[in-house]
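Novice: What follows is each chain in one-letter form.
Number of protein chains: 2
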Amino acid sequence: MNAEKIPDIIIGRLPVYLRALQRMADSGLKTTSSQELGEHVGISAAQIRKDISQFGEFGKQGTGYSIQFLLDKLRGILKVDRIWDVVLIGAGDMGHALANYQGFTNRGFRIVSIFDNDKEKVGTMIGEYKIEDADQMVEKIKTMGVKMAMLTVPAPAAQNVADKLIQAGVRAILNYAPISLNVPNNVKVQYIDPATHLQRMTYYL
Amino acid sequence: MNAEKIPDIIIGRLPVYLRALQRMADSGLKTTSSQELGEHVGISAAQIRKDISQFGEFGKQGTGYSIQFLLDKLRGILKVDRIWDVVLIGAGDMGHALANYQGFTNRGFRIVSIFDNDKEKVGTMIGEYKIEDADQMVEKIKTMGVKMAMLTVPAPAAQNVADKLIQAGVRAILNYAPISLNVPNNVKVQYIDPATHLQRMTYYL
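For the protein sequence lines, the chains are E and C, in the order given. So for the first sequence, my numbering puts the first residue at 20; every next one is plus one. So for the second sequence, my numbering puts the first residue at 20; every next one is plus one.
Quick caveat, the hints were computed from the structure, so don't treat them as lab data. It should be emphasised that the depicted structure is a prediction, and the values quoted were computed from it without experimental measurement. Any given hint could turn out to be false.
[Unchecked claim] Within a straight-line C-alpha distance of at most 35 Å, the following computed DSBU-like cross-link-like pairs (lysine-lysine) qualify: (1) E:138 to C:149; (2) E:24 to C:24; (3) E:69 to C:140; (4) C:207 to E:92; (5) E:207 to E:183; (6) E:49 to C:138; (7) E:149 to C:138; (8) C:92 to E:207; (9) E:207 to C:140; (10) C:98 to C:69; (11) C:140 to E:24; (12) E:24 to C:69; (13) E:69 to C:98; (14) C:140 to E:140; (15) C:69 to E:149; (16) E:138 to C:207; (17) C:98 to E:98; (18) E:98 to C:69; (19) C:24 to E:69; (20) E:140 to C:149.
Chain E extracted, bound-state conformation (with noise of 0.2 Å):
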């Protein structure tokens, strides 16, 4: 399990196995295989059976796996064995979807402050949170000790919102701005880019 060692590849498909064999064993299933796995993620058995043994022995030959056993190796390994704290930048349309979403504190995560710099919006609320004044994120966000960010800012504010962040401590930075972030080596930047989405299908069409 050294983090140098496993490709980000494998690692980046490590959560949706993780998301499917929780569907699974919400529907009751208590075992699965990875001919089943495969189909309900679309990848292939093999390839699956070669990523989940890159952490030890998880299924047994013609028994296939424990779907309660593999959860929580995976989310051992993943680290959402616990619930990480999340600040959200940005309340517009996409701010607000993300605040109402439901689907994060079953899967590890928790939005602990909003912040915006539209002084009209800061005081307002969203759902249960109350819009926080950008001028305070960077010392708010040291003091909670916070690691990671959604970020939903318009494109030409996001370099400047992310290095604040960097700077508060900040190392992992989910990005829906439509602009690639440049940053240090030891934080992580993931992005979610509707148009790129598209653009990767448009290919087979």
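Since the structure of chain E is already known, use the hints to place chain C on it.
Specialist: Only chain C this time, still in chain E's reference frame:
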């Protein structure tokens, strides 16, 4: 340019290059290098050269790439040198965010219809769009000949809606519901699920 022979992993990186190159062009740059592009997207220069070389000889040793030439080539390869019609299913928070998203048109896409099954929402507006009745979805998509859809319905409804979309002729689905869809081999699905992206980063924290 044989669609069967270029690995999907490479196709997945091309929209990322396209986005970075577009931003370089917008800021007035005329040429770039694999080194510079790599710094923008967080991918090694060697990997970028290898990816791009799959599609022919685009750069000259020592002089780098013409950004406009590369943009034109990538748009052609990804088939976003035209405008694709896209339907949006689900008029919740995420549907609103996508309906108001400004980044589609200049990257090859336009939303043509928004459907929801909530009769209270049908007929109301999101920006310039009037929400249409999901009961008419299949027929309207067939009539319009739309091949792409964005799915923002709740997880329990997603597979059923996806089946209808495919029946109506849709061949590419951008799925925001936190569930893996079962689709035929001739249908492409991309997933946008913030918890999955966050889980991909916690491993490294």
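Novice: All hints are to be evaluated individually against the structure, with a verdict given for each.
Specialist: Hint check results:
For the suggested pair residue 138 of chain E and residue 149 of chain C, the alpha carbons sit about 31 Å apart, so the restraint of at most 35 Å is met. Our distance criterion of 35 Å between C-alpha atoms is met by residue 24 of chain E and residue 24 of chain C, whose separation comes to about 28 Å. Restraint check for residue 69 of chain E and residue 140 of chain C: the C-alpha separation of about 47 Å exceeds 35 Å, so the hint is violated. Straight-line distance between C-alpha atoms of residue 207 of chain C and residue 92 of chain E comes to about 30 Å, which keeps the hinted pair within the 35 Å bound.
Only pairs whose Cα atoms come within 35 Å are accepted, and residue 207 of chain E paired with residue 183 of chain E is accepted, the gap being roughly 15 Å. As the CA atoms of residue 49 of chain E and residue 138 of chain C are separated by approximately 39 Å, the hinted pair breaks the 35 Å bound. With a C-alpha separation of about 31 Å, the suggested pairing of residue 149 of chain E with residue 138 of chain C holds against the 35 Å cut-off. About 30 Å separates the Cα atoms of residue 92 of chain C and residue 207 of chain E, which keeps this hinted pair within 35 Å; it holds.
This hinted pair does not check out: residue 207 of chain E and residue 140 of chain C have alpha carbons roughly 39 Å apart, beyond 35 Å. Between residue 98 of chain C and residue 69 of chain C, the direct Cα distance comes to roughly 21 Å. Compliance with the 35 Å bound is thereby established for this hinted pair. A distance of roughly 50 Å separates the Cα atoms of residue 140 of chain C and residue 24 of chain E; the hinted pair therefore is violated under the 35 Å criterion. A C-alpha spacing of about 23 Å is found between residue 24 of chain E and residue 69 of chain C, which places the hinted pair at or below 35 Å, so the restraint holds.
Between residue 69 of chain E and residue 98 of chain C the alpha-carbon distance is near 34 Å, which keeps this suggested pair within the 35 Å criterion. A distance of roughly 26 Å separates the Cα atoms of residue 140 of chain C and residue 140 of chain E; the hinted pair therefore holds under the 35 Å criterion. About 48 Å separates the Cα atoms of residue 69 of chain C and residue 149 of chain E, which puts this hinted pair outside 35 Å; it is violated. For a cut-off of 35 Å, the pair hint linking residue 138 of chain E to residue 207 of chain C is broken: about 42 Å separates their Cα positions.
Of the pairs offered as hints, the one joining residue 98 of chain C and residue 98 of chain E is violated, with about 39 Å between alpha carbons and a cut-off of 35 Å exceeded. Our distance criterion of 35 Å between C-alpha atoms is met by residue 98 of chain E and residue 69 of chain C, whose separation comes to about 34 Å. For the given pair, residue 24 of chain C sits about 23 Å from residue 69 of chain E by alpha-carbon distance, which is consistent with the 35 Å threshold. This hinted pair checks out: residue 140 of chain E and residue 149 of chain C have alpha carbons roughly 27 Å apart, not beyond 35 Å.
Hints 3, 6, 9, 11, 15, 16, 17, counting from the list given before, are not met by this structure.
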